[in-house]
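2 protein chains.
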Amino acid sequence: MGERIPVDEHARFVRSLLSGLGARPTEPVPVAAALDRITASPVESPIDLPPFRNSQMDGFAVRAADIADVPVELPIAGEVAAGPGVPQPLAPGTAVRIMTGAPLPDGADAVVPVEDTETGAPGNDTVHVGGAAGAVRILRPRRAGEYVREAGSDLEAGADVLPAGLRLAPRHLAAAAASGLTELLVRERVRVAVVSTGSELVPPGAELRPGEIPDANGVALAAAVRSTGAVVVHEARVRDDVDRLRAELDAARDAGAELVLTSGGISKGAYEVVRELIEPLGGWVGSVAMQPGGPQATAAYRGMPVIGFPGNPVSAQLSFELFVAPTLRAIAGLPQARTAQLELAAPLVSVGGRRQFLRGRRAGDGRVEVVGGPGSHLVAALAASDVLIVVPEAVETLDAGAVVDTVEL
Amino acid sequence: MGERIPVDEHARFVRSLLSGLGARPTEPVPVAAALDRITASPVESPIDLPPFRNSQMDGFAVRAADIADVPVELPIAGEVAAGPGVPQPLAPGTAVRIMTGAPLPDGADAVVPVEDTETGAPGNDTVHVGGAAGAVRILRPRRAGEYVREAGSDLEAGADVLPAGLRLAPRHLAAAAASGLTELLVRERVRVAVVSTGSELVPPGAELRPGEIPDANGVALAAAVRSTGAVVVHEARVRDDVDRLRAELDAARDAGAELVLTSGGISKGAYEVVRELIEPLGGWVGSVAMQPGGPQATAAYRGMPVIGFPGNPVSAQLSFELFVAPTLRAIAGLPQARTAQLELAAPLVSVGGRRQFLRGRRAGDGRVEVVGGPGSHLVAALAASDVLIVVPEAVETLDAGAVVDTVEL
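Each protein sequence line maps, in turn, to chains U and D.
According to my numbering, the residues represented by the first sequence are 200 to 608, in order.
According to my numbering, the residues represented by the second sequence are 200 to 608, in order.
To be clear, the hints were calculated from the coordinates, so they are not data collected in a lab.
This one's a predicted model, so the numbers in the text were calculated from it and none came from an experiment.
Do not take every clue at face value.
No copy labels: a pair is met if it fits in one copy or bridges any two.
[Claimed, not checked] Straight line, CA to CA, 20 Å or less: simulated EDC-like cross-link-like pairs of lysine to aspartate or glutamate:
#1 K467 x D585
#2 K467 x E345
#3 K467 x D315
#4 K467 x E317
#5 K467 x D359
#6 K467 x E607
#7 K467 x E478
#8 K467 x E202
#9 K467 x E314
#10 K467 x D440
#11 K467 x D235
#12 K467 x E568
#13 K467 x D453
Here chain U stands alone, though its shape is the one from the complex (with noise of 0.2 Å):
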């Protein structure tokens, strides 16, 4: 029955294998559907941010050099509010109303907030650009640029807005939709494909008949590759049948899939589809030092890395998060599963020579207690778990109060 290979020695061989999905073709999206992508490439601002010079507050556009004794009342020449148009240049000795972003006419330096001015009945002699309207009083004296903003001073144009390999957050598609931009390159997501295998399984909802159950891998592995940023191209369930088997994997290369996921048909049974496939192809079958999870495989088919999970639901979940999910947050920018070191609420025992990830929920004491046993088809107590203890291999028992590395779920 071969070796029991240690865990990081497989999870360095199928990183090895997926290292090819690192370097990711790029597509264009549209700036509102970029949220969560990974930018291609540096993206450059074609404009200046912002893209003319105007007024950081509602208030007078004045030369700074006509406000210096105050106070002083200068005839109001005019108003420009925020929109389409280039304002009247601005006589030397007058002010004009101007609105929060509105162009600042030319031979204005300043902006004297509203807050230090005064006028007659507010509002009420306002008029829109050009057209004499009264006189405005200034009672603080402003220095040329105060309340002005330069055409570029956030951002010249031709400068990078966003950095290549950048997870776009909100505010980065506010950035890019401000520099005038409407799509963005970004990395493709990883292409899988999941196929469950076993002439038990049934689709989740359908009669079952005696021997049958619903297959809960195929929901679990798409739902978790999304999870981790991919995409689902193909997914598919099939009878222990090699021929089916070999017309999916086909189907998922058409499909575009650049990652094929199985699960079942790999242990040392007599109906071992997954092992009969690719065996004969150069895949490896056989053993991993872990429980769940203990049989893996992993294969090459038409240039698609094939990972083979365990049928068992806790162990082809785990499988994922173990030995593919990693590599997949990685492209995708997100942060890897968090790990702690709590105190176990009760003694364990575990098996020696495998490395043992228990399922646990965290107590109202912060301490961990294992959910359900270990037993790799209890698929209940892994939805009522949140994070996993890993007990090393040379470790056999535990006592209540020791300390135990945990992934959350």
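Assemble chain D onto chain U, guided by the hints.
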């Protein structure tokens, strides 16, 4: 110009305006599409998990009493593979080859793993269910129940497989699928409309005439809404025209919006379209003691809460994060923004009487440095930041090395 409302008071007020969103309607969604949704009620499994008594190993199903004294040789009475069908009962004094997950024959009460047995050439003596095929030598005794998974041993039919209020991760979908469920009842996502106002705004990518800028707030707020687990049902951009704004709020209502976020049109200028619309309806437009984001507004329009943010993109994004995001995240079961106390890399000055939210970036040494200035138009600087630095109202200067509160972006 009115009093400045304290930040925390405005936050409480907006939270109370949004409290009606917490009572979510529910909707059924396919299990495979339920990732990251929130269960509306506890989910019962209609079936036992596992659904039938089955083998935990590839090996031989036996009566434990027949293998009490080992080694012992038993005739192989047949084979049970995983898959549909009811196996023949096990005759006393015989063994049946059995695969992992296959139903245990009536009469069998233990499974001996293949590793603890010897047969002839492995694999050559196997036939499908029924039909004798040689003998097996059992090398190790097993008690009744060993390597047998009892029906319902993970979860009994009628028990809750998932609790209410759970944010669905892949392992939860796996348990639902294993229970044969095809749909889950989840909370509806909050339906939000995003309306940018300002005659200066054009769609990102449009040719800019003088005085025009691309609308960044629409993209930013829509993405921020999605990031907090809600859904955008209506997006619009209107010039400073009350009738146009009213028409968009009506359209938002028709699209099922439960919440409207506006940007712009609430400061002290002459063309403040949100102010003009909502003040006659009893809405509030005022000033909050913060920078950026001082001007804020709230209203109800045809039963929808309307939260009005300033038009400057940094103000709008920050206002969303402070006042709306916490409620949406709580409804979606998402973690709140992380906070940390970090040391300042350089001294800074702030404005007394307002809570200042400076954009910051963690330096290599773990300290935090300010990015860009305090200007609320610095959208590229915000994009280059990874934290907000919070400077309390009473603080006007801070030395390098001072410890500040930060909020992760």
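key: Hints not upheld, ascending by number   = 1, 5, 6, 11, 12, 13
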